[in-house]
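Q: Sequence:
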Amino acid sequence: MTAAAIVPAAVLANVRQRWPEIADAWARHVEAESQALCDQYRATACTVLPARYGYVVAIDTPDGPLVLRSSPDPHGPNQAAVAEALANLGISPAVHQTLTMDHGTWIVLERATPGTRLYEVDIGAVSLEALFGPLVAMRHQPPPRPRMPSILDWLRSRLEDDRLADRRPGTLIAPAMDRENALELLAHLARDHVPGLCHGDASLGNVIASGPNRWTYIDPRGMSGESAYDVAVLAIRVARFRDSADLVPQVAETAQVEPDRVRTWMTIADAARV
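At the far end of the sequence shown sits residue 284, using this note's numbering, and the numbering has no gaps.
There could be a bad hint or two in this list.
Said to hold, decoys possible - Restraint-style ranges between C-beta atoms, simulated for each label pair: (1) R38 with E268: 26 to 34 Å; (2) P75 with Q45: 14 to 22 Å; (3) P72 with M187: 25 to 33 Å; (4) A55 with A197: 36 to 44 Å; (5) G180 with A42: 20 to 28 Å; (6) A55 with E194: 32 to 40 Å; (7) P75 with R38: 26 to 34 Å; (8) D202 with P72: 46 to 54 Å; (9) E194 with P259: 45 to 53 Å; (10) Q45 with D256: 27 to 35 Å; (11) D188 with T71: 17 to 25 Å; (12) P205 with M111: 23 to 31 Å.
It is worth saying that the hints were derived from the structure and are not from the lab. We treat Cβ as the ideally placed atom computed from N, Cα and C, and that holds for glycine.
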């Protein structure tokens, strides 16, 4: 099987656009590396899962269901470190193994079941405690690696980009005035920001069901930040389906963060089209 065949065409196209210098080398290795991991864990069945910038496969093993995830993202080692840190706090699925090569990073983790993504359910009926409660454990936790890239720098670059292409679905580039205001707010937050553990991408596709009443967070961005940012990013999505008048106080109390800080992060993240 060719690399183009094992890696979904849409994924390969996205990877080539985002990391053209490493995309084909990564794709060439995926099949052999995937097979080696399947052999190592004695996989009995494999199913390719949806992804944008990586090859993700669900496998059944004698010891339980797992997920294998390969990404050519240069920040892959940071993502793996954050995934392990979140798993140790019970926020994300347990990580069994990480492998980093010149062309990409593999993460082997437990498969959450049923694995339903948040966008596949009636968000208006989901418990806010179940959604935002897991983020409490992240508060005041240090970044898992030194000198990790900062979510603040990443947001700043997005706000300064007049041709931003990687935007939240259904959005256009924010007006210049909104982005300038967001940059001022970001500078204000930076004054007392202490880099900490942060998921960095709490979108609807990265929050999945683990059991009948529990939600778990997958595919972290691999940057330092703060838990209030994650609360804000998820709150932006949830606000589309629930009465937003008292949403921020509710989720801030649940996640044990300051509501005003969540509101500020929401303004910044929205202008950055996160």
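Q: Take the hints in turn and mark each one as holding or not.
A: Hint-by-hint comparison with the structure:
Restraint check, R38 to E268: a C-beta distance of roughly 48 Å breaks the suggested window 26 to 34 Å. The hint said 14 to 22 Å for the Cβ distance between P75 and Q45, and at roughly 18 Å that hint holds. For P72 and M187, the Cβ-Cβ distance of about 59 Å falls outside the hinted range of 25 to 33 Å, so the restraint is violated. Under the hint 36 to 44 Å, the C-beta atoms of A55 and A197, about 51 Å apart, miss the expected range.
Between G180 and A42 the CB atoms are about 39 Å apart, so this pair departs from the stated range of 20 to 28 Å. Our hint of 32 to 40 Å for A55 and E194 is violated, since their Cβ atoms are close to 52 Å apart. Checked against the given bound of 26 to 34 Å, the beta carbons of P75 and R38, roughly 28 Å apart, stay inside it. The hinted range of 46 to 54 Å is satisfied by D202 and P72, whose Cβ atoms lie roughly 50 Å apart.
The supplied range of 45 to 53 Å is broken by E194 and P259, whose beta-carbon atoms lie about 24 Å from each other. For Q45 paired with D256, a C-beta distance near 52 Å fails the hint of 27 to 35 Å. As the Cβ distance of D188 to T71 is approximately 48 Å, the hint placing it in 17 to 25 Å is violated. Hint check: P205 to M111, Cβ distance near 27 Å, so the stated range 23 to 31 Å holds.
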